[in-house]
Every structure is written in C-alpha cells, then in structure tokens.
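All chains, please: the whole structure from these sequences, using the hints.
Chains as they are written, first to last, in the numbering used here: chain A, 1 to 172; chain B, 1 to 222.
Calculated from the structure, these hints are not laboratory results. Take the hints with a grain of salt, since some may be wrong.
[To be verified] Derived list of chain B stretches under chain A, where covered just means 3 residues or more per stretch with a C-beta under 8 Å from a C-beta of chain A:
#1 123-136
#2 151-164
[Stated by the list, open to error] Here are the simulated PhoX-like pairs of lysine-lysine, each with C-alpha atoms no more than 25 Å apart in a straight line:
#3 B:47 to A:73
#4 B:73 to A:157
#5 B:216 to B:8
Even glycine gets a Cβ: it sits at the ideal position worked out from N, Cα and C.
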Amino acid sequence: MRDFEALLGSVVLLDDELAAMQVAGEVRNIDSTLEDIVSFVAGREEFWFHGEPRPTAFKMYHSWRNLRLIFSKMRIRFANAHLVSDNPLVVDQAREIIPRILRILTSLVALEREPSDSDTDLALRRIQELRTSARQVDMTPPASEELREVDQESLTKALDELLNRMATLGES
Amino acid sequence: MKLLRFLKEHRVKRIGLVTERIEREASSVLEKAVISELGRDVEFAIKSVVLDLCWDRLSDILSILVKEPTDQKRVDELFVNIVYMYKHLMDRASLVTPTTVRAIVSEKVRGMVSSRFRKLAQPIYSAQLLRGRSQLLRLLDPSRRPSILDQFILAEAVCLYEKYNAFEPTAMFLASADTAFSPILRSDGSVLSDEITREIYDRFSVQCDWPERVAKRLAETS
Numbered sequence: 001m002r003d004f005e006a007l008l009g010s011v012v013l014l015d016d017e018l019a020a021m022q023v024a025g026e027v028r029n030i031d032s033t034l035e036d037i038v039s040f041v042a043g044r045e046e047f048w049f050h051g052e053p054r055p056t057a058f059k060m061y062h063s064w065r066n067l068r069l070i071f072s073k074m075r076i077r078f079a080n081a082h083l084v085s086d087n088p089l090v091v092d093q094a095r096e097i098i099p100r101i102l103r104i105l106t107s108l109v110a111l112e113r114e115p116s117d118s119d120t121d122l123a124l125r126r127i128q129e130l131r132t133s134a135r136q137v138d139m140t141p142p143a144s145e146e147l148r149e150v151d152q153e154s155l156t157k158a159l160d161e162l163l164n165r166m167a168t169l170g171e172s
Numbered sequence: 001m002k003l004l005r006f007l008k009e010h011r012v013k014r015i016g017l018v019t020e021r022i023e024r025e026a027s028s029v030l031e032k033a034v035i036s037e038l039g040r041d042v043e044f045a046i047k048s049v050v051l052d053l054c055w056d057r058l059s060d061i062l063s064i065l066v067k068e069p070t071d072q073k074r075v076d077e078l079f080v081n082i083v084y085m086y087k088h089l090m091d092r093a094s095l096v097t098p099t100t101v102r103a104i105v106s107e108k109v110r111g112m113v114s115s116r117f118r119k120l121a122q123p124i125y126s127a128q129l130l131r132g133r134s135q136l137l138r139l140l141d142p143s144r145r146p147s148i149l150d151q152f153i154l155a156e157a158v159c160l161y162e163k164y165n166a167f168e169p170t171a172m173f174l175a176s177a178d179t180a181f182s183p184i185l186r187s188d189g190s191v192l193s194d195e196i197t198r199e200i201y202d203r204f205s206v207q208c209d210w211p212e213r214v215a216k217r218l219a220e221t222s
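Following this line, the structure appears as structure tokens:
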C-alpha cells in the first residue's frame with residue numbers, strides 16, 4: 001500500500017466486501033486486503049515508535065497500535081472462520097466496527113499531515129470507544145496476547161510505578 | 001474492589017450509578033496518569049499496553065454501573081449551593097487560628113485537668129483538636145480544595161438523590177477517595193475527621209465515604 005488515500009480506499013473496499021458477504025451469507029477470502037491494511041497500519045505504528053519526539057507522538061503511536069491489534073484480530077478470525085463456525089457472525093461483527101474505524105482513520109490521516117493537540121485528544125477518545133466496541137464483538141486480541149508483545153519485567157515495573165502514583169492521589 | 005464486587009453481585013438491583021461526566025473524568029485521569037505520570041524512560045510500547053489494560057478495566061467497571069442522565073439545569077443550581085457550602089466551610093476553617101485553639105483548649109483543660117498537669121495537657125489537647133478538624137482545615141490549602149469538576153460531580157450525586165428520593169426513601173452514597181468529600185480515617189479505619197462529610201449530608205443528604213466503607217454499609221443494609 002502506497003499512502004493514506006490507499007489505506008482509506010482499502011478499508012472502504014473491505015466494508016464493501018463485507019457487505020457483499022452479508023448479502024451472500026458466506027465468508028469469502030479477504031486475507032490479502034486485511035494483510036495490506038495490517039502491514040500499512042503496523043508501519044505507522046513503527047514510525048511513531050521511533051519518530052520525532054513530538055508531544056502528540058505517544059497518542060498517535062497508541063492509536064495506530066490499537067488499529068493494528070484490531071485488524072490483526074479480524075484477519076485471524078476471518079482466516080479461521082470456516083474452522084470454528086464463525087460464519088457469518090464474524091462478518092456482522094466486523095461490519096459493526098468498520099464505521100468507527102473509518103471515522104478514526106480519517107482523523108488520524110488529517111493529524112499525520114497537520115498535528116493538533118486537541119484533535120489528537122479527540123482521536124484518542126475515539127480509539128478508546130473503538131476498543132470498547134471491538135472488545136464487545138471479540139475483535140481485540142486477548143489481554144494475555146497483548147502482554148506478550150512487551151518485556152514482562154519492564155511492564156511490571158511500569159505498573160508498580162503507576163499504582164504508587166495512583167495511591168498517592170487519594171491522600172491529597 | 002469490595003464495592004465493585006458488591007455492585008457486580010447485585011447488578012440486577014441497579015444500585016451502582018455513574019454519570020457521563022464521571023465517565024469522562026475517569027478516562028481523562030487514567031490517560032493523564034499513564035501518559036504524564038509514567039516516567040519518560042518508559043517506552044511507548046509499555047505505556048500503550050498499560051493504557052489498554054486501564055481502559056479495559058475501566059470499561060469492565062462501567063459495564064456494571066447504570067449510566068444515569070441528569071437534569072443539567074438542576075445540577076447547575078445545586079452546583080451553586082455546593083460552592084456556597086464550601087465557601088462557608090472555608091470561612092469556618094479560617095476561624096481556627098492558633099489563638100482560638102489556645103483559648104478553646106485552655107478552657108477545656110481548666111475544666112478537666114488538675115492544675116499541675118495543665119501545662120502537659122495543653123499541647124496534647126491542641127493536637128487532638130486539630131486532628132479532629134483536619135478535614136475542614138485542609139480547605140485552607142488551595143491545592144486541597146475540591147475542583148470545579150469535583151463540585152459538579154457532587155451536584156450530580158445530589159440531583160440523582162433527589163430524583164430517586166422522589167419515588168421512595170433513598171440512601172445515596174458517593175464513593176470517593178477525595179478527602180474534600182470523604183472523611184479522613186485513622187490507620188485502623190475509624191473516622192478521624194468528618195466535618196465536611198457531615199455538612200454535605202446535613203445539607204444534601206448524600207453520604208460521602210471511601211469505597212470500602214460504602215461496600216460495608218451497603219452489605220449491612222441489603
């Protein structure tokens with residue numbers, strides 16, 4: 001995939017393919033479309049991970065990372081749909097979250113071109129809402145899988161640090 | 001944890017309430033904590049996983065609560081009353097000066113302690129008096145006063161109390177770890193100072209308390 005326009009085009013195409021599947025009542029092979037999307041989104045995640053230290057960098061990274069997790073899970077579910085009788089539920093559930101994804105992608109693409117603090121906060125809020133919806137329809141990886149992506153020792157240290165800070169909030 | 005467990009077990013009774021404002025505030029506090037409070041040396045991947053874990057936990061908690069709409073006009077009116085209450089409490093706190101404390105304690109000591117122990121008793125009684133009023137006295141420190149947002153949250157709790165109480169006698173609890181609402185506790189969990197908490201209850205019939213204590217009180221009444 002070349003650019004952001006192509007990404008938006010691919011997601012719209014994905015939605016069209018899902019709509020066609022709903023009409024036909026069967027799951028078709030959309031692995032290459034999803035693979036392209038995952039690979040582009042993972043590229044943006046990687047870019048913001050190593051990117052210039054802007055104040056909005058983490059929020060952009062976090063947004064792209066969550067999109068990558070959701071698209072990856074969608075890809076796995078479609079790949080396994082025939083094996084685990086997930087058909088046609090997976091199609092309906094994917095279509096439930098695509099409108100939210102498109103809304104977020106539009107915001108993120110705009111932010112990639114013109115960074116803005118307030119709009120990045122709005123995008124983060126939308127990512128949180130998307131994640132909640134995606135969890136409800138089993139379109140996010142299980143927590144255990146997400147945890148495996150990072151160094152466990154560093155994660156435990158960060159969680160300890162956060163808990164200590166949170167504990168002091170109630171003391172004020 | 002105990003409170004959430006209790007609310008989950010009694011979900012069918014719909015007794016755990018939340019409002020749009022609280023939901024928004026909870027998300028923003030979490031994000032601030034993860035993004036700003038975690039050190040700069042914590043890498044993005046770790047921060048991102050932590051934020052996801054916090055979001056998931058929050059959405060699980062919110063799913064056991066009932067989101068109640070509030071009447072914004074009434075909330076605004078109650079907010080003004082709450083601002084006045086805290087103003088009144090701050091005025092009351094400002095009366096607790098070293099001179100007034102000395103006068104009160106001298107009076108007390110004179111009546112209760114024999115003359116040869118009075119000098120010894122004076123600082124003990126002073127410290128006791130200040131500890132007992134510590135919740136009120138915290139209002140003298142601007143950083144410990146309730147924020148506008150906190151006062152709006154209290155106004156929403158009062159508004160919901162009025163709504164429920166109009167149908168049947170209702171006990172409304174506001175679970176909070178903020179000592180501008182909930183009492184200051186001793187290390188054994190008993191109440192050390194609760195002047196603000198009592199004032200809120202007397203004026204607005206909302207019982208502010210720590211989540212664990214609310215859970216205990218709910219369990220006793222159910």
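Results for each hint:
For the stretch 123-136 of chain B, the proposed coverage by chain A is not satisfied: 0 residues have a C-beta within less than 8 Å of a C-beta in that chain, short of the threshold of three. A stretch counts as covered by a chain when three or more of its residues have a beta carbon under 8 Å from one of that chain; for the stretch 151-164 of chain B and chain A the count is 0, and the coverage is violated. Between the alpha carbons of residue 47 of chain B and residue 73 of chain A the distance comes to roughly 21 Å, so the proposed pair stays at or under 25 Å and holds. Between residue 73 of chain B and residue 157 of chain A the CA atoms are separated by roughly 46 Å; this puts the pair beyond 25 Å, and the hint is violated.
Our distance criterion of 25 Å between C-alpha atoms is met by residue 216 of chain B and residue 8 of chain B, whose separation comes to about 14 Å.
Of the numbered hints stated above, those contradicted by the structure are hints 1, 2 and 4, listed in ascending order.
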